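Novice: Those protein sequence lines, which keep their order, are chains G and W. Here this note's numbering is used: the first residue of the first sequence is 1, the next is one more, and so on. Here this note's numbering is used: the first residue of the second sequence is 1, the next is one more, and so on.
Derived by calculation from the structure, the hints in this document are not laboratory data. Careful, some of the hints might be misleading.
To be verified - Computed from the model, here is a short list of chain G residues facing chain W with C-beta under 8 Å:
1. Asp11
2. Ala12
3. Gln18
4. Met22
To be verified - Reference listing, derived: stretches of chain W covered by chain G, where coverage requires no fewer than 3 residues with Cβ under 8 Å from a Cβ of chain G:
5. 231-241
6. 295-304
Given the structure is predicted, the values throughout are model-derived calculations rather than measurements. The beta carbon of each residue, even a glycine, is placed where N, CA and C say it ideally should be.
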Amino acid sequence: MDKLLTILNDDARLSNAQIAAMLGTTEDDVAAKIAKLEADGILRGYKAVVDWDRTDRDYVTAIIELRVTPKRDRGFEELAETIMRFDEVENVYLMSGGYDFSIVVRGRTFQEIAMFVARRLATLDSVVSTTTHFVLRRYKERDVQFLGEQKDERGAF
Amino acid sequence: MDYTTLLNPELTALPPSGIRRFFDLASEVEDVISLTIGEPDFSTPWHISQRGIETLEKGKTWYSPNAGFTQLRESTAKYLKRRFSLDYDPKTEVMITVGGSEAIDNAFRAVIQPGDEVLIPSPCFVCYAPLAKLAGGVPVSLVTKEEDEFRLTPEALKAAITDKTKLLVLPFPNNPTGAVMRREHLEQIADVLRGTNILVLSDEIYGELTYGGTPHVSIASLPDMWERTILVSGFSKAFAMTGWRLGYACAPAPILKQMLKLHQYAIMCAPTTAQYAAIEALDNGEEDVRHMCAEYDKRRRLIVDELRRMGLSCFEPEGAFYVFPCIASTGLSSEEFCECLLREKQVAVVPGTAFGECGEGFVRISYCYSVSHICEALKRMREFIEELKK
């Protein structure tokens with residue numbers, strides 16, 4: 001299962017036949033394993049890694065540090081659930097260290113994100129403070145490098 | 001000046017490497033997608049490079065002892081014991097060289113006398129026959145066949161032995177076929193060699209890269225074989241350290257002593273930065289090797305499966321990082337196949353004939369490339385083969 005997940009994590013667009021060849025098993029076996037991983041909630045989705053900076057889309061992201069006061073009976077969960085519901089929010093992590101939540105928020109402009117933080121996040125009950133860090137440039141995401149084309153510098157000898 | 005009369009005719013008579021010729025051809029084609037390269041696509045694991053960098057920063061840029069740093073020779077001996085159950089005394093039986101290539105050249109020159117026959121299983125890497133010739137030897141090709149899974153058979157060996165036979169080259173895991181010699185096959189070769197005076201040059205540069213659960217076995221670990229074996233290997237393939245140019249030779253002390261003399265006069269010592277890095281590779285690089293090997297294995301399976309789906313007969317390689325499919329069914333020769341594929345689909349693979357005449361009917365495909373690169377190349381190759389059928 002681990003090997004299958006690693007392969008999908010590297011490239012989820014490979015066909016079941018290709019994955020079966022790589023693992024030395026059958027296409028049906030791969031299909032069944034993937035179905036099980038999906039049913040078990042281990043495989044959560046298949047998404048593209050996009051370099052939006054090379055497109056016309058206005059796309060800005062920011063990492064927001066959030067300090068909060070956890071609710072007595074439900075800890076951090078309730079707040080996390082509230083935050084997750086916003087479409088602007090890409091990632092929500094509970095953190096160790098100097099603050100509690102790290103949230104990745106996307107928008108069209110810096111202003112849009114700033115307003116989202118001020119109006120939606122800062123105003124939530126139990127949020128004590130927010131710190132917004134705008135992403136200026138993306139070099140690498142999900143193992144994929146966004147810098148210029150990677151040239152193969154090897155020769156054949 | 002008339003250089004033809006000045007140059008060594010033995011050398012001028014040698015053809016340049018056939019891989020090189022094809023690579024030059026490929027480099028003239030635009031947007032070519034290549035499966036020709038015989039070195040890892042991985043960079044050297046960073047902790048290994050870092051060790052080299054640290055020693056440069058500290059100004060450790062001097063020669064090492066001729067045979068290589070003691071610590072590296074000790075680490076090499078320990079590694080060979082751990083991985084392949086081989087016993088070599090780091091003081092007198094291990095020498096660090098400039099890649100496996102120097103070790104091969106050196107071994108030939110150390111043992112070959114004029115007229116000595118050198119048995120070379122073929123298809124094989126391009127260097128053995130030319131180097132054996134330059135050392136004064138007579139290369140004798142032992143053709144390995146697809147139906148024998150490209151292994152050297154005891155029958156072929158026996159048939160080739162004469163009273164002039166000095167040395168048997170054992171290049172396994174094999175470039176270009178990907179063939180391996182398992183213990184039982186080596187036992188059969190050992191049976192033929194026992195009682196003879198024939199030496200063995202065992203080129204185990206791909207020894208870490210075997211697939212399918214059977215680890216590499218060195219002929220030197222078999223009874224009565226250590227005494228006659230010169231083991232050559234290196235860091236290039238296993239640790240993705242090709243550009244560092246570092247290898248080693250291990251042999252019984254009386255042989256190694258002479259090899260060391262040659263190395264001392266011709267080379268002085270292997271690059272010292274690379275030697276420091278190699279200590280780190282041997283002591284702490286095992287996990288990197290396993291990781292890279294697992295990656296190659298996935299690609300190997302993918303390529304073999306896809307080539308077979310195209311209708312090509314493809315022996316399943318168990319070592320190195322090449323597949324060697326038979327393209328005879330297309331009606332084209334190896335050279336024609338590669339040139340047409342390059343021209344029509346901009347995919348470069350190496351004709352089997354670059355590795356000896358007996359490579360006719362085959363091509364070598366390297367899987368030192370990312371899965372997406374391999375998939376694109378195979379897609380084009382499939383189109384090419386389907387268009388040929390029309």
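Novice: May I ask which of the numbered hints given earlier this structure violates, with the numbers listed in increasing order?
Specialist: 2 and 5
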